[in-house]
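For the record, the sequence lines run as chains A and H.
Last residue of the first sequence: 207 (our numbering), numbering continuous.
Last residue of the second sequence: 375 (our numbering), numbering continuous.
Rather than coming from a laboratory, the hints here were simulated on the basis of the structure.
One thing to keep in mind: the hints can contain errors.
To be verified - Here are some chain H residues pointing at chain A (derived, C-beta under 10 Å):
| # | residue |
| --- | --- |
| 1 | D274 |
| 2 | N294 |
| 3 | N300 |
| 4 | C307 |
| 5 | N312 |
| 6 | F316 |
| 7 | V350 |
Every residue gets a Cβ at the ideal spot worked out from N, C-alpha and C, and that includes glycine.
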Amino acid sequence: MIGRRLRAIPGRIRSRIAPFWTTLWRPSLHFSLGFLTLGGFIAGIVFWGGFNTAMEATNTEAFCTSCHEMKSNVFAELKTTIHYNNRSGVRAICSDCHVPHDWTDKMARKMQASKEVWGKIFGSIDTREKFLDNRLELAKHEWARLKANDSLECRNCHQYDSMDLTRQAPRAAQIHQLYLGTGEKTCIDCHKGIAHQLPDMRGIPQG
Amino acid sequence: MKAVATIALLASAMLAGCGAKHEETPHRAPSAPVLISAPGQIDPMRRGVPIDADATPPAMARVENFDRIRPVNYEMQPPTIPHSIDNYQLTRNTNRCMLCHTRSNAQTFLAPPVSPAHYATRDGKILEEISPRRYFCVQCHVVQTDAQPLIANRYEGLNTTIPEGGVR
Numbered sequence: 001m002i003g004r005r006l007r008a009i010p011g012r013i014r015s016r017i018a019p020f021w022t023t024l025w026r027p028s029l030h031f032s033l034g035f036l037t038l039g040g041f042i043a044g045i046v047f048w049g050g051f052n053t054a055m056e057a058t059n060t061e062a063f064c065t066s067c068h069e070m071k072s073n074v075f076a077e078l079k080t081t082i083h084y085n086n087r088s089g090v091r092a093i094c095s096d097c098h099v100p101h102d103w104t105d106k107m108a109r110k111m112q113a114s115k116e117v118w119g120k121i122f123g124s125i126d127t128r129e130k131f132l133d134n135r136l137e138l139a140k141h142e143w144a145r146l147k148a149n150d151s152l153e154c155r156n157c158h159q160y161d162s163m164d165l166t167r168q169a170p171r172a173a174q175i176h177q178l179y180l181g182t183g184e185k186t187c188i189d190c191h192k193g194i195a196h197q198l199p200d201m202r203g204i205p206q207g
Numbered sequence: 208m209k210a211v212a213t214i215a216l217l218a219s220a221m222l223a224g225c226g227a228k229h230e231e232t233p234h235r236a237p238s239a240p241v242l243i244s245a246p247g248q249i250d251p252m253r254r255g256v257p258i259d260a261d262a263t264p265p266a267m268a269r270v271e272n273f274d275r276i277r278p279v280n281y282e283m284q285p286p287t288i289p290h291s292i293d294n295y296q297l298t299r300n301t302n303r304c305m306l307c308h309t310r311s312n313a314q315t316f317l318a319p320p321v322s323p324a325h326y327a328t329r330d331g332k333i334l335e336e337i338s339p340r341r342y343f344c345v346q347c348h349v350v351q352t353d354a355q356p357l358i359a360n361r362y363e364g365l366n367t368t369i370p371e372g373g374v375r
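All chains, please: the whole structure from these sequences, using the hints.
This is the structure:
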């Protein structure tokens, strides 16, 4: 009895889908080929543009700091650092360092960010105390990400080939040449906590 | 009509008087250090600016960032920091100075390691990490700026305090 019903399910689904299928594959009766091609082209631009615009909107500082978790913790800390306040006035926003610039990598990161939406909904870091408790783990994720992509987000602006070592402090020039120039180390190995305060660093390998 | 003009004239004269009263010549503090014993000095830190007048502050000093180790002026002086330390985090959570100056990393970063004394607790126990009583580096080690000293100083280093002819 149940077996017969189960076997009937594919048939029923097929009978539901069949009309749409035939409509999709039959030549159009009312619309010209030109209308369909041009219409498809324009609709494609509109939807693709809309998708990317929405994606870019989630990449703005206003969007990131619309959550108090970001605004009163990490963004407040950023303001005291050189990536916000410096002599030339060129500054970085959240996504410059935390979202890859290439499209495919960006999409992958945005999908990962759905975890952050989950965290927001369930308030996993909605107080300063909770944030500080989780800070080490959150920081570890970012260090691991930057280590894995060879500090790609740093290098979007800071390129070793364009660094004038003679204009750096002697110790900086020396160390950059020794470890960055040879590719032995990557930016994040030494430059942890340049834009935010550091968690308890006991037991974390540095340098 | 005449009365109005007179009042206006009076008012403007009064306003002008007020303006003149508040006008003061700005006091510029000399940039060179001032001798404590200089005549008329009440507070040498003010460099001769009267106590009831505002001084024009000297230009902001810049931190020296040359990485050249400075000589110490007396025995056991904590060496001064020969580079800028802007935004180097030195908190309960982390000590960024020790990224380079810890014994195990000093070789890597070509930095002078902190002396072995910094690893000893006050009970004489030698620790693996820097002793908590030496943790906050900038309590003793400070950066130097290009600012002029406020007060002239005759001290010329350790050698001048030893009497001529050697130790007694």
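Evaluated hints:
1. D274: At about 4 Å, which falls below the 10 Å cut-off, the nearest Cβ of chain A leaves the hint on H/D274 intact, so it holds.
2. N294: With a minimum Cβ separation of about 6 Å from chain A (threshold 10 Å), the hint on H/N294 holds.
3. N300: Where the cut-off is 10 Å and the nearest Cβ of chain A is about 5 Å from H/N300, the hint holds.
4. C307: 7 Å, holds
5. N312: Cβ of H/N312 sits 5 Å from chain A, so the hint holds.
6. F316: 6 Å, holds
7. V350: The hint is violated - H/V350 has no Cβ within 10 Å of chain A, the shortest such distance being about 12 Å.
When each numbered hint is compared with the structure, a violation occurs for hint 7 only.
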